[in-house]
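Residue 105 in this note's numbering sits at position 100 of the sequence shown, and the numbers go up by one each step.
No incorrect hints appear here.
With a cut-off of at most 27 Å between alpha-carbon atoms, the simulated BS3-like pairs for lysine-lysine come out as follows:
| # | residue 1 | residue 2 |
| --- | --- | --- |
| 1 | K386 | K349 |
| 2 | K295 | K349 |
| 3 | K391 | K325 |
| 4 | K209 | K162 |
| 5 | K169 | K124 |
| 6 | K66 | K349 |
| 7 | K295 | K325 |
| 8 | K295 | K236 |
| 9 | K124 | K162 |
| 10 | K386 | K325 |
| 11 | K393 | K325 |
| 12 | K325 | K236 |
| 13 | K393 | K349 |
| 14 | K391 | K349 |
| 15 | K66 | K295 |
| 16 | K236 | K209 |
It should be emphasised that the hints constitute simulated quantities derived from the structure, not laboratory data. These numbers were taken from a predicted model, which means no experiment stands behind them.
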Amino acid sequence: MIPTAIKLSRSAATVARTAKLGPSIRSPLFRLVHGGINGSNANPVALQMINYALSHARSQKSDESYAQGLLVLEQCLSTQTSEGQDSAGDNSRGMVLLAMSTLSSERGNFDEAMEKLQKVQDLTSSSFGVRVAALEALVGLHLELEQDDTSSVLADKCLELLVKNEPESNGGDFINARARAVKGLVELVHGNAASAESFFQGLKDNRAITGSTALSYGEFLHATQNFSLAKDVYQNVIQGGSKNEELGNSNALAACNMSAEEVSLGATCALGQLEAHLGNFADAEEILTKALTITEERFGSHHPRVGVVLTCVALMFRRKAMLEHSSALLIQEGLYRRAIELLKAPPLDTEGTEANVDRSDIVALARGGYAEVLCVQQNRKDQGEKAKGWAEAAWRNRRMSLAEALDISNTSSAVPIIDARISRALRMQQLREELDQAYRYAM
Numbered sequence: 006m007i008p009t010a011i012k013l014s015r016s017a018a019t020v021a022r023t024a025k026l027g028p029s030i031r032s033p034l035f036r037l038v039h040g041g042i043n044g045s046n047a048n049p050v051a052l053q054m055i056n057y058a059l060s061h062a063r064s065q066k067s068d069e070s071y072a073q074g075l076l077v078l079e080q081c082l083s084t085q086t087s088e089g090q091d092s093a094g095d096n097s098r099g100m101v102l103l104a105m106s107t108l109s110s111e112r113g114n115f116d117e118a119m120e121k122l123q124k125v126q127d128l129t130s131s132s133f134g135v136r137v138a139a140l141e142a143l144v145g146l147h148l149e150l151e152q153d154d155t156s157s158v159l160a161d162k163c164l165e166l167l168v169k170n171e172p173e174s175n176g177g178d179f180i181n182a183r184a185r186a187v188k189g190l191v192e193l194v195h196g197n198a199a200s201a202e203s204f205f206q207g208l209k210d211n212r213a214i215t216g217s218t219a220l221s222y223g224e225f226l227h228a229t230q231n232f233s234l235a236k237d238v239y240q241n242v243i244q245g246g247s248k249n250e251e252l253g254n255s256n257a258l259a260a261c262n263m264s265a266e267e268v269s270l271g272a273t274c275a276l277g278q279l280e281a282h283l284g285n286f287a288d289a290e291e292i293l294t295k296a297l298t299i300t301e302e303r304f305g306s307h308h309p310r311v312g313v314v315l316t317c318v319a320l321m322f323r324r325k326a327m328l329e330h331s332s333a334l335l336i337q338e339g340l341y342r343r344a345i346e347l348l349k350a351p352p353l354d355t356e357g358t359e360a361n362v363d364r365s366d367i368v369a370l371a372r373g374g375y376a377e378v379l380c381v382q383q384n385r386k387d388q389g390e391k392a393k394g395w396a397e398a399a400w401r402n403r404r405m406s407l408a409e410a411l412d413i414s415n416t417s418s419a420v421p422i423i424d425a426r427i428s429r430a431l432r433m434q435q436l437r438e439e440l441d442q443a444y445r446y447a448m
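Build the full structure now, drawing on both the sequences and the hints.
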């Protein structure tokens with residue numbers, strides 16, 4: 006490891022020297038990081054080293070390559086000016102910490118990722134966009150960990166920044182909308198549709214909003230059954246990544262499960278689910294297959310995120326088979342088994358594991374769907390009942406039961422929407438009913 010560290014140190018030093026020589030052709034990763042902060046207000050050497058570290062870590066998608074990428078970022082952090090001395094220094098430190106948190110979260114080290122994000126809040130001279138990006142990522146990680154109360158507190162803290170600080174005039178509207186969308190996402194996960202709507206107001210006619218803000222808004226529209234507009238928003242998110250980078254606003258700076266790559270993947274996955282909900286199964290299969298390919302290329306074929314997308318694909322085939330009165334048991338079984346394996350669900354014969362499973366929404370949906378496949382086969386029915394009981398015990402979503410989530414006997418409004426960013430299930434029908442009730446009271 007020591008020789009490797011020396012080699013990486015030399016490579017990073019070479020990157021730093023290259024940066025001092027002048028501008029070069031930037032990779033998409035560099036444009037993404039650079040787009041969040043004006044180049045004159047951040048250290049160009051730090052930006053180059055961030056790009057190098059991210060590229061190196063993801064080149065092999067191994068624990069070793071990620072550790073080496075983090076090593077480069079630690080060296081980069083140590084060369085920055087002390088905290089609070091100037092805006093450029095704090096912006097650079099903040100961007101390095103955001104990159105470190107992203108690499109840690111991609112390997113499942115959420116505690117380390119959140120520690121780095123918390124440190125960004127101590128950079129009092131950093132830009133508003135840097136701190137909002139860190140808080141947004143913290144909210145996203147806590148939602149993925151199903152720590153909903155903490156996510157709500159952090160989302161409120163993000164909104165407080167709007168009151169205490171006036172965002173920069175250049176891109177200030179983007180940051181305001183983004184901070185409000187963070188709270189809107191939390192309310193959406195909690196099932197508070199009327200409250201969520203209040204935070205997404207004003208976005209309908211704002212086509213310039215993209216990234217995590219637009220995706221959360223699209224999911225709200227999807228959940229409240231505004232399918233046509235939701236589809237437009239999802240497509241704009243998928244197509245708008247490069248356009249957003251060119252704008253050079255703070256909306257482009259993001260980390261962890263709210264990064265541009267995760268948002269684009271989440272929008273693709275959501276669009277595929279929407280097409281399935283509408284019965285357009287050929288389009289749904291094509292889009293979800295694309296999402297699966299992107300996920301495998303981005304994270305590697307054994308990452309839990311692949312299991313999340315596979316669950317979406319399996320549920321699409323399940324819905325197709327039921328509505329078309331066809332059979333796709335072998336396809337569903339293969340998808341569910343692979344998803345359960347990648348999601349690292351504990352074996353059925355391990356007692357007491359249901360309460361501690363990660364990504365419980367997705368694991369329970371995958372194992373519950375798998376149980377259905379087993380139960381229709383007489384010689385495997387006992388195994389299916391056991392899997393069903395395990396899935397029901399693991400299901401912790403308070404907005405709907407697992408049976409409701411898997412029930413498509415009525416209309417498309419009875420199915421969940423999986424947010425691939427945070428590995429959570431959102432329900433459509435209950436949210437629509439809440440909005441209708443709120444409107445009746447208002448009248």
